[in-house]
Each structure stands twice: as structure tokens, then as C-alpha cells.
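Following the working numbering, the numbering of the sequence shown begins with 1 at its first residue and continues without gaps.
Please note that a few of the clues may not be correct.
The calculated lysine to aspartate or glutamate pairs, modelled on EDC-like cross-linking and capped at a C-alpha distance of 16 Å, are [what the hints assert, rightly or not]:
1) LYS202 - GLU185
2) LYS141 - GLU120
3) LYS43 - ASP68
4) LYS205 - ASP68
In short, the hints are calculated from the structure, not lab data. Note that the structure is predicted; figures quoted are calculated from it, not measured.
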Amino acid sequence: MKILTVSLVVLALSGAALAFQEAGAKAAVQAATPSAEAEIIAKQLPSYPLTDCPISHEALGSMDKPIDLVHEGRLVRLCCKGCIKGFQKEPAKSLAMIDEAVIKAQKPTFPVMKCVISGEDIAGDAIDLVYGTRLVRLCCKGCKKGFEKDPAAAMAKIDAALIVELKKSYPLDTCLVSGEKIEGEGFDHLHGVRLTRFCCEKCAKTFDKEPAKYLAALDKAAPKKN
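Given the sequences, and given the hints that come with them, work out the whole structure.
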């Protein structure tokens, strides 16, 4: 009976270990799904703030095509494969550089004057968070947990406010893709923190496939800065 009991225990433990290994392997595959990473890169790239590699400090693109990494849901761009190990040794340092650059670039034009969590005015004790490559301003530290519970809802409010603000100075009344005059409300689309307007959603999807091609027309129409 003892031998049988021990055998059953060994079998049970082996089965549990196998199940644990399978679950771990499945989680690893899910975490590294190429399509999920590609979606994160596409979404965060338009508002990525650094033009230099955070490891070598060389200009991105100076050593062939930049390396796009996704670390804990965030985009990090490196100048070459040789910098990957440097990033992995101290990722927090590179992320802090990205955060600082995001805040510096987006804070002057942040469109929401009231906290998207509490509804209170954003005043001197406001805190600045970085979500992906987007700035989020909250009235106080207490609202950080509220944001983390449903960041998508908070970002939707920020996006809506940003579109309203950017519409005021948008230089074109024609669709960036079709060239047709935008009738009615049209279709408003944020490329990072930049407003792009289209006659319909279909044109917005066409734009997303090759944004640089269409942004040239928007750049040309934008008022020149003195």
C-alpha cells in the first residue's frame, strides 16, 4: 500500500509540474505574441519622443533601421541590436528618459484642465504620468489608482478633449486620403497626439497603413512657426 501511495503521489506531482510548465509556456507565448507587440508599436510610435538611442545616445537610424522593443507594454527604440543587453541591464533608466521626454513634449499642449478621474482642477500639486508614450495629468496622487483601474476610459476622455482643441487650428477642410471636402463632422483620428481628419473611417484606415505619405500634405498646410 505504501508503494502504491508513493507512486500515486509521484504521478500527481508530475502531472502538476507538467501542467505548471504548460501554463508557463502558454503565458510566455501570449506575452510575446508578435501581433500584440506590433499593435503596441504602431500605437505608441507616433508619439514616441526620443530621436536618440537611450543606451548609446546615437541618433536613431544612424546605424540602420532602429530596433523597436516592447518592454512591459511600452515601446523602447534602440539604434542597434548591440544596445539590447544594455537596455535589459537597467530598463528603468531608459524608461525614465522616455518619460521625461514625453512630459516635456506634451505638457505645454495638454488639453484637459480638470482631472479625468476626480473632475477637480489640475493645479500646482498635479502629478504627471506617462501611459505608453502619452502624458496623463491628474490632480493628485490619490487619483493614480483610479486611472490604473480603467486607463482606457481616462485616455478616451483625454483624446476627445485633445481632438476638440486641435480642431480649432486644423489647417485643412479636405480629407487627407481622398482629397474630398469633409462634409458634416467627418472622421477625426489621432496619430499620436496629432489630429488627422478624414471624410470617413475607411480613409483613416488607409492613412494608418502609410501615415508618412499623407502627413506630408498636412505639414505643407500647417502654419509656419516664426
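Results for each hint:
1. LYS202 - GLU185: 15 Å, holds
2. LYS141 - GLU120: Cα-Cα ~13 Å, so holds.
3. LYS43 - ASP68: 12 Å, holds
4. LYS205 - ASP68: The given pair, whose Cα atoms are some 22 Å apart, is violated under the 16 Å limit.
In the structure shown, a violation is registered for the earlier hint numbered 4 alone.
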